[in-house]
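One letter stands for each residue in the lines below.
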Amino acid sequence: MPPIQDIGAFNAVREAGLAKLLPPVPRVAIGMGTCGRGNGAEGIYHAFADLIGRTGMDVKLVSVGCFGACFQEPMVNIRLPGEPLLVLRRVQIDDVARLLQDISSGRITPELVYCKLEEWDHITSTVKYGRGYPEVPSWTEVAFFKGQKKIVLRNCGLINPDDIEEYIGIGGYQTLYNVLIDGRPDFVVEQVKASKLRGRGGAGFLTGNKWDFLAKSKTDPKYIICNADEGDPGAYMNRNEIEGDPHSLLEGMIIGAYAMGASQGIIYIRAEYPLAVHRLRRAIQNAREYGLLGNNVLGRGFKFDIEVVEGAGAFVCGEETALIASLEGQAGRPRPRPPFPAQKGLWGKPTNINNVETWFNIAPIVSKGPAWFSETGSTKSSGTKVFSLVGKVHNTGLVEMPFGTPLKTFIYDVGEGGSTPGRAIKAVQTGGPSGGCIPREMFDTPVDYETLQQLGAIMGSGGMVVMDEDNCMVDVARFFIEFTHSESCGKCVPCRVGLDKCLRILTGITKGIPGMRDRLEHLDELARMIRDCSLCGLGQTAPNPVLTAMRHFRTEFEDHLLARHCEAGVCQDLALSPCENSCPLRMNIPRFLQLYQENQIEDAFLSVILDNPLPGSTGRVCQHPCTMRCRRQTLDEPVNIRDVHRLIADTVFASNNFESIVKRIIARKLEPTGRKVAVAGAGPTGLTAAFYLALLGHDVTAFDEKPEAGGMLRFAIPEYRLPKAVLRREIELIERLGVNFVFNTKVGIDLPLNELADRFDAVFISIGTWKDSWLYLPGTELKGVHSALGLLEKMSRGIPAPIGPKVAVIGGGNAAIDSARSALRAGAEVTIYYRRDRSDMPAIEEETLAAEEEGARIVFQALPHRIIGDQDGAVRAIEIEKTRLGEFDKSGRRKPVTTGEIQRYECDTVVLAVGETFDLDFCKASGLELKEEGTLIVNRFTLETSRPYFYAGGDVITGGSNVSNAMGFGKQAARNIDERLMGEKRWDRLFPEFTYSQQPPAEPSGSRRHNGHLIELMLRSRSNEEVVTGITPKEAHEESCRCLRCDVKTNVSAS
Amino acid sequence: MPQTISIRIDGELVSALQGQTILEAAKQAGKYIPTLCYFEGLSAVGACRLCIVEVAGTDKLLPACTTPVQDGMSVTTTSPKLTQYRRIALELLFVERNHVCAVCVSNGHCELQNLATSLGITNMRHWYNYPNLPVDLSHKRFVLDHNRCILCTRCVRVCAEVEGAHVWEITERGISSRLTSGLNQPWGQVTDCTNCGKCVQVCPTGALAEKGWAVEEMVKQNDNISGLAHRKGGQ
Amino acid sequence: MRKVKLATVWLDGCSGCHMSLLDMDAAIISLAGKVDLVYGPLVDAQEFPDGVDVTLVEGAVSSMEDLHKIQEIRLRTNVLVSLGDCAVTSNVPSMRNPIPVNKLLQRVYVEGADEGKVIPTEGVPPLMKHARPVHEFVKVDVWVPGCPPSAKAILSVVTDLLAGRKPEANPNPKFG
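Just so you know, the protein sequences line up as chains C, W and S, in that order. Reading the first sequence from the start, the letters are residues 1 to 1055 in the numbering used here. Reading the second sequence from the start, the letters are residues 1 to 235 in the numbering used here. Reading the third sequence from the start, the letters are residues 1 to 176 in the numbering used here.
Where hints are given, some of them may not hold.
[Stated by the list, open to error] Mimicking DSSO-like on lysine-lysine, the simulated pairs with C-alpha atoms at most 30 Å apart in a straight line are:
1. C:Lys216 x C:Lys368
2. S:Lys129 x C:Lys1049
3. S:Lys103 x W:Lys81
4. C:Lys1049 x S:Lys103
5. S:Lys69 x S:Lys103
6. S:Lys129 x S:Lys5
7. W:Lys211 x W:Lys140
8. C:Lys303 x C:Lys349
9. W:Lys60 x W:Lys27
10. W:Lys81 x S:Lys139
11. W:Lys31 x C:Lys349
12. C:Lys380 x W:Lys60
13. C:Lys349 x W:Lys60
14. C:Lys794 x C:Lys724
15. C:Lys303 x C:Lys216
16. C:Lys985 x S:Lys139
Calculated from the structure, these hints are not laboratory results. All of these numbers come straight from a predicted model, not from anything done at the bench.
Please take these sequences and the hints and turn them into a complete structure.
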């Protein structure tokens, strides 16, 4: 190919290139970026090539770069002549033969098709592919691409990066040509200035001003450099840009060189990007052959060439002065600016450095004009930015969005929310290790340089790592500091030593090393000092992850330091095992499983009951958070922990040896202290506190307004889920430990708090949420409208339920499901109406499924509109309004939005199960401070209220939760009340030493999980008999063998 | 002849020459700014960050040793924040390695120790690293004790810029950075070394010292080195 | 007027700070009139008493015994003073820190011994991994660096404390 010297030759190449892109035969393009190759794109390419070769089909096969939707790799584009370009996702080798059949039949089956492109705006020209496939969504209609605007990624994934003619075919190098013919370099600089393009490397300095600076310099030679030293973990946009479209970079640089008068360009690229380096080298070679680089660019007498230099992978070399040092063959260490590179850069000559993405924007700006460019984006930041959206979102990949797009669009719309069911998204880290984490509550923030900076984060090169509840923010901060610490060049003191100290403090916190309590202040001070005093950008931004984590997630730091607890379960040194860490009662689960496995049933029971005073009841109704993080599920399914402790409890309570075991428990009681403690409310929270306080030797009296103890367990949870006999024997045991019960006494009404204060040394308030929330909608005054709790309580007392044959239940929590199933057992036909979707239901999933099996119907996305009565004032029907799931709210769930569509359902009974509340005015009157939402204010760690010696736990501080959470508070309160009353730590004295194997299984047991057995549908759905029979001793033994013993921590010596 | 401009240092109007750094202008005006890695006559590297000052109109703290003066510039050399940050920088240097003043040849003549005194440091709030570092005794006249090195690179610069021998360099990075001689050889084996001892004399601590001195006896003689450097055409 | 209860403690140090304390010439006589020296190497008390007003601590925390002592002392002391470089920076005792404890003991008691080449285990408190400054273990109220701190510096701090003043920040603290 002779170099292009005139417009005729250029146009000829352009036409040839376009013909390659839109050939008269089918064209198959395989996405062969690093992301595609990592997912097997090469195999697919070869499979196509083989089969095409063998069959002799007339199909043009090419490789292209990445189209951005990395989660859908390997991606393949297929276009039949005259038809739209179809983007296929997750193509496997097995699909190849069928796809070729489709191609020869002239119709692609839509199964693998992700979206279609009928035409494409390459900015430098528009390519029209054709119309068709009405059933396939256009690319702008799929969630991942909706709202994206591809300026930088205009060619990525569509043209062959190795074919310069295809680039020229879509209008590439046309802008360069025009600029050279126009012959006004200063005008190009003016255009870039007017576009307000800002450096995409992170700092956001105005590119035009930098250019102007260099253009005005009279020194010769001048250098221009492309910074492709992309080193942030989780960021790979520059890699994909170069892999997919190297010529856009070259064209930007050649235009820039012409505008600034530079004769030599250098691309400094990471050696870790071999594919990008390879494609870049080939592109440069081709550009030289075609006369686009060299002594006479496009025959216009302009001299410019580009050299590729591979960096050795030091993060700090992304800093421009360090990059220059590295190019000069010195160690990559930055130096203070001024002098700026534009004054004294490479080899002491004026130098301009821009990021890959900045160069990509040049040709579009020059060709379409600055006004066109600044139409997109926010006022201060024009254009688009490519982000790498990774982490805990469904859809990951490269996202090019206009500046000013809110964070939530990225995470909830493009990313389609969290990737792990049941784990809410917690934060997003922007800007990689130099950025900061932004909490969910601030996802409304529009993304641009200034707003991110205000939140303590930065734009950086565009990394966006999404984190959910499984991420510990202390650990995240530690991780990023570990990175910058190891990448610090060591030149200046704040970064070299300061980051080392930061890392040691953070590691200490995550490892629970003692003596770290006052370190938070030091950490904060140190982080600010490093930020304000460091020499270069690396040090100045390195503390951002720590500063933002401490600002937005301070409670997590406090949890680690003060309660030795890592909510996310990441910091293993703070927990016995993941199950123990997630259990609100912090039960030593591996211990009782091992004891059971060793057939030490009595010790297993002792272990269980000393950790959890209601093991049989919780064994039936607990939400079992322990299974959520059980590591066994990485092999198959989590261990069925709950059913094992249920069986242990059931076995021992029924055994002949029970009395001797009771003696062993009573023997654990510490000597009487003479201190008197009142427990107000004998529900799960109060019972737990009373149990431990009695064991600690205190004189405990528990008060309750009901005639019996047990609270919700007794009066709300139906018999068929929790037989009352099970609960009763557990309460009896607590009584035998010496707890006095006073019933039918409402604390605060019948017995003023001040009187309790006189009679007792400490008071624990643990009353439940016995007041139903009431929905105020037309018709709730009608006969046949009931509250769920009122109904459940009546039934639990054996009073016949006042329900008719057609029941509507409103709500999606446990109370709703319990009411529905109780109504089924009373012979009614039941429909549940819930305003959100199934995955949002707060009820335990197994219970919901059982209810459906028993005949309950659930209508989702249904908001009650009004209840219609008959002439007697009784319920006749309910009208609901259909909802659709709208935007994500601050809780990370989609907000139900009304649609106006009303549906009517006949019924005679309506049960409102829309939440519970309580009335704590009496507490306020006694000097206890309340939060705005009506719950009591307590110290998070001690549970002491604003009034000394008054403690509170459970629903009164959370506003309603579940049984095990409630009991956890009881346990925590007992421990702290004791410490306060006695002035010493006596808690550990309650627990005996157990002897059991400390050897993890050499091989995980091969057994599968045993679930509790549901009794036959016929038997259960019309009776109050317990519906889940639990597991058998043999199954329990197998379950206990399935435990991987995460509690055994062997010291792996570093070898 | 450079142009004379006026700037304010701590509110006082002083004159400075175009092209001077803030530190040079301050020195000329008799104003004290603490420094550690800076050595007159050698190139300034802005590494220790003790000479950071506040300049009106920017939120950033700037190192006085490398920031050029500008006409009308208003510089603040001391503020509670600057003092706090300078103290932290010094504390970090103390805890980074094993500085045991009581047994050091430079005790009483050490710039690090003197700065701690002048900044009123009574204790280190951060935990010590206690790294295990060697002492290079291979040179016949001098000794390099890494335990006392603060990586100011004065030795590197004086050797390269004044003596022209390029014996010293910093190897590794981050907290592992270490001074090294020749091609990472023992100092005594570096044939490029001219044994001039300039590195020893400019070293602010006891890291580089002459052999044969006991505790408190190593007094550095470096008054003439700046002059030498100026004659060599250094900064 | 009630005399101030003063105690002094000697952890891992050389007693030089105590020497400096005694080196304050005539001032010590007037000082003696104002304080009750209730514990320390200079007096013959066996138990560290309760309710001590001021304790001067010399030496770094090197052994489990030092740690135990300083924790007890902190509980029974109102104002705790780290006296001298060993207490403040861990100074000379810290010079062993880069060396693992077992290697250290081996070198001293086995390789370096002429006879009876055994590492003593009975009657000696176990060494901690590192000798560390006092304030890394307990809260310290006043630091007086120096090796040793000058008698003048000690006197100035003690005088301030006796007068019920928070000691003025030492205008010229000097390590070494």
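Would the pair Lys60 (chain W) and Lys27 (chain W) pass a check requiring their Cα atoms to be no farther apart than 30 Å? Distance of about 22 Å is within 30 Å: holds.
Is the straight-line distance between the alpha-carbon of Lys985 (chain C) and that of Lys139 (chain S) 30 Å or less? holds (21 Å)
Pair hint Lys81 (chain W) and Lys139 (chain S), alpha-carbon separation not exceeding 30 Å: The hint holds at about 25 Å.
Decide if the proposed pair is consistent with the structure: Lys69 (chain S) and Lys103 (chain S), CA atoms, cutoff 30 Å inclusive. Given pair Lys69 (chain S), Lys103 (chain S) holds - Cα atoms ~26 Å apart, limit 30 Å.
Holds or violated: Lys303 (chain C) to Lys349 (chain C), with C-alpha atoms at most 30 Å apart: holds (18 Å)
Check the hint pairing Lys103 (chain S) with Lys81 (chain W) against an upper bound of 30 Å on the C-alpha distance. Between Lys103 (chain S) and Lys81 (chain W) the Cα gap is close to 44 Å, so the pair fails against 30 Å, i.e. violated.
Within 30 Å, alpha carbon to alpha carbon, are Lys349 (chain C) and Lys60 (chain W)? holds (27 Å)
Take the C-alpha atoms of Lys129 (chain S) and Lys1049 (chain C), compute the straight-line distance between them, and say whether it is at most 30 Å. Status holds; Cα separation ~22 Å.
Do the alpha carbons of Lys380 (chain C) and Lys60 (chain W) lie within 30 Å of each other, as the hint requires? Satisfied, since the Cα-Cα distance of roughly 22 Å is no more than 30 Å.
Are Lys216 (chain C) and Lys368 (chain C) close enough, with their CA atoms no more than 30 Å apart? Measuring from Cα to Cα gives roughly 25 Å; hence the hint holds.
Hint check: Lys1049 (chain C) vs Lys103 (chain S), CA-CA at most 30 Å. Holds or violated? holds (27 Å)
Within a Cα-Cα threshold of 30 Å, do Lys211 (chain W) and Lys140 (chain W) meet the stated pairing? holds (8 Å)
In this structure, the hints that do not hold are numbers 3, 6 and 11, in rising order.
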